[in-house]
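**Q** Now for the letters of each chain:
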Amino acid sequence: MSKRRVIPGFGLSLGFTVIYLSLLILIPLAALFLKAAGVGWRGWLELLTNERVLAAAKLTFGASACAAALSTVTGLLVTWVLVRYRFPGRRLMDAMIDLPFALPTAVAGITLTAIYAPNGWIGAYLDRIGIKAAYSPLGIFLALTFIGFPFVVRTMQPVLEDFTRDTEEAAATLGAGRWTTFRRVVLPALMPALITGFTLAFARAIGEYGSVIFISGNLPYKTEILPLLIVSKLEEFNVPAAAVIASGMLIISFALLFCINLLQRWLNWQPR
Amino acid sequence: MKTSSFTTLALSFLLAGFNHAAELLNVSYDPTREFYAEFNEAFAAHWKAKTGEAVKIKQSHGGSGKQARSVIDGLKADVVTLALSGDIDVIADKANLLPQDWQAKLPNNSSPYTSTIVFVVRKGNPKGVKDWSDLVKPGIKVITPNPKTSGGARWNYLAAWAYASRKAGGDLAKTKEFIRSLYQNVPVLDTGARGSTTTFAQRGIGDVFLSWENEAHLIEKEFPGTTEIVIPSISILAEPPVAVVEKNAKKHGTEALAKAYLGFLYTPEAQNIAGKHFYRPRDKAALAKWSQNFPKINLVTIAEFGGWAKAQSTHFASGGTFDEIYRK
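As you go down the protein sequences, you meet chains A and B in turn. Each number in our numbering comes from the position in the first sequence (counting from 1) with 246 added on. Each number in our numbering comes from the position in the second sequence (counting from 1) with 1 added on.
Just so you know, not all the hints are guaranteed correct.
Said to hold, decoys possible - Here are some, though not all, of the chain B residues that point toward chain A, as calculated from beta-carbon distances under 8 Å: (1) 66; (2) 67; (3) 70; (4) 93; (5) 95; (6) 97; (7) 128; (8) 134; (9) 137; (10) 141; (11) 150; (12) 265; (13) 310; (14) 318.
These are calculated hints, taken from the structure and not from any lab test. C-beta atoms are modelled at their ideal positions from N, C-alpha and C, and glycine is treated no differently.
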């Protein structure tokens with residue numbers, strides 16, 4: 247440790263980091279797992295293989311993945327437009343991206359429900375062609391897309407800003423067509439940021455509660471998400487069961503994020 | 002900016018010291034908002050005239066079960082006015098904030114007013130809904146909140162159960178089957194009664210809304226000419242109870258005030274306000290005055306279900322009949 251560092255006070259800052267992370271994350275999580283451990287292995291197995299929990303898990307993770315995937319594609323497009331083109335109202339649009347961050351999720355949920363309900367502005371048209379938006383899994387997907395979208399744009403933006411047009415032009419001079427340039431030059435450079443954006447949007451969506459409970463019908467087996475199931479368990483004063491479901495959710499989320507990180511690394515090592 | 006806000010803060014403390022306006026927190030359930038808003042004013046006037054002391058009453062509303070939970074988790078309620086006695090029992094059991102025999106402390110099972118469950122349908126009753134048996138027909142959409150979180154929803158559930166059980170001649174399997182088909186017609190389970198009102202009245206979802214009687218009248222007031230009330234052949238006598246949360250009141254020094262507050266609910270003046278807000282008054286004169294709002298209904302009581310503690314564990318606890326009817 248004799249090497250001099252740019253920022254002094256390594257010991258102090260590391261100490262702060264450790265204490266801060268413990269207070270903020272580790273201790274609450276430890277308390278959660280401790281509470282969950284109270285029911286024993288059999289209790290865990292019973293709760294986590296319960297049909298209703300499984301249905302809710304499938305819906306939560308499935309809808310979150312779909313929403314994050316859609317956000318990734320549309321997010322790339324929107325970022326591209328915002329970064330590469332200059333047009334009136336660009337700054338306003340740029341600022342608008344952050345709205346889902348700032349809006350209380352309950353407000354988002356109520357607004358989306360009002361619009362997509364069978365008597366809402368958009369919902370009325372969808373209803374006419376037989377599509378049920380609010381109070382269905384589709385509604386949950388919409389809410390999760392809404393709250394996850396900014397994560398993708400905000401992770402993509404700085405990367406795309408650094409990725410100047412020269413590179414594309416160089417590819418063109420070497421005889422690459424548009425598609426080839428996009429597939430072999432642009433996309434690989436953006437891939438890590440895209441994956442990070444997807445991951446953030448996905449992680450955010452899994453835990454989302456506030457907006458979803460308004461737009462989903464909250465029906466067991468059909469439109470019930472895991473966070474709602476946790477809250478219902480709490481309402482029944484069944485804290486250990488709530489803790490078990492929460493822990494299960496955390497473990498799965500952590501495993502998924504870990505896999506995505508591995509993928510990220512593997513991609514970074516790939517020769518371009 | 003900062004100094005001025007500090008000054009204001011200091012000043013307000015000072016004023017509070019001089020004025021000493023007593024404060025009371027009433028933790029209540031969803032549909033009582035309008036009733037308690039008016040009642041609190043009447044009580045404040047009464048208290049001022051009687052003792053010369055100004056009183057400020059704060060209200061908190063939400064699903065009854067959720068509210069009970071908040072009190073257990075530390076919401077400093079001086080009085081609770083919830084949708085069913087089971088929720089106050091839980092506060093007594095889990096947090097020991099009031100004695101087990103709280104319900105004997107005030108007249109009429111500590112329920113100054115009663116209510117019941119009725120049907121709300123769209124204007125003209127296009128689906129021809131007349132009784133519980135119509136709710137299980139295919140194509141009928143029923144709106145009711147989730148009994149796990151909402152007190153009103155539990156009354157709904159039990160009222161439906163009472164009908165089904167009579168129809169099945171007491172056969173348990175047939176009763177459950179009826180309830181299962183009823184809940185299969187429910188497209189949205191909101192967490193509280195107010196949420197369901199919004200879903201039905203504002204979003205236009207559903208053909209029938211199982212509603213508190215007072216909430217049904219409130220919809221007629223808020224959305225005039227869009228709904229009708231249908232009285233089923235049988236319903237349940239809901240006795241929303243009130244109680245002083247004794248430990249909290251003691252700590253805040255508001256015992257006398259809290260007691261007087263709940264006692265005032267039984268006075269003719271308050272009974273009249275209850276009737277006006279479509280709660281059925283206990284007071285005969287008030288009931289007579291508002292009788293046009295309260296048609297005679299054949300009502301069963303919670304005693305039929307063996308009291309709230311039993312009803313709760315049989316029907317709404319984990320693995321109870323409500324969980325059962327949703328199991329595939």
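**Q** The structure should be examined with respect to each hint, and the outcome stated for every one.
**A** Right, here's what the structure says about each hint:
A cut of 8 Å between beta carbons decides the hint on residue 66(B): the least distance to chain A is about 5 Å, and the hint holds. Satisfaction of the interface hint for residue 67(B) is found here, the shortest Cβ-Cβ separation to chain A being roughly 6 Å, below the 8 Å cut-off. Taking 8 Å as the C-beta contact cut-off toward chain A, the hint placing residue 70(B) at the interface holds, the least distance being around 6 Å. Taking 8 Å as the C-beta cut-off, the interface hint given for residue 93(B) is violated, the closest approach to chain A being about 13 Å.
Because the smallest distance between the Cβ of residue 95(B) and any Cβ of chain A comes to about 7 Å, under 8 Å, the interface hint for this residue holds. With 8 Å as the threshold, the beta carbon of residue 97(B) stays out of range of chain A, its nearest partner Cβ sitting at about 14 Å, so the hint is violated. Residue-level restraint check for residue 128(B) is violated (minimum Cβ-Cβ distance to chain A is 16 Å; threshold 8 Å). Annotation: residue 134(B) was flagged as interfacial toward chain A, and the flag is violated, the nearest CB pair being 23 Å apart, outside 8 Å.
The interface hint given for residue 137(B) is violated, since its Cβ lies 17 Å from the closest Cβ of chain A, which is over the 8 Å cut-off. Violation of the interface hint for residue 141(B) is found here, the shortest Cβ-Cβ separation to chain A being roughly 16 Å, above the 8 Å cut-off. Interface hint status for residue 150(B): upheld, as the beta-carbon distance to the closest one in chain A is roughly 5 Å, under 8 Å. Because the closest C-beta pair between residue 265(B) and chain A is about 31 Å apart, greater than 8 Å, the hint is violated.
For residue 310(B), the shortest C-beta to C-beta distance to chain A is roughly 13 Å, which exceeds 8 Å, and the interface hint is violated. The restraint placing residue 318(B) at the interface with chain A holds, with a minimum CB-CB distance near 7 Å, inside the 8 Å limit.
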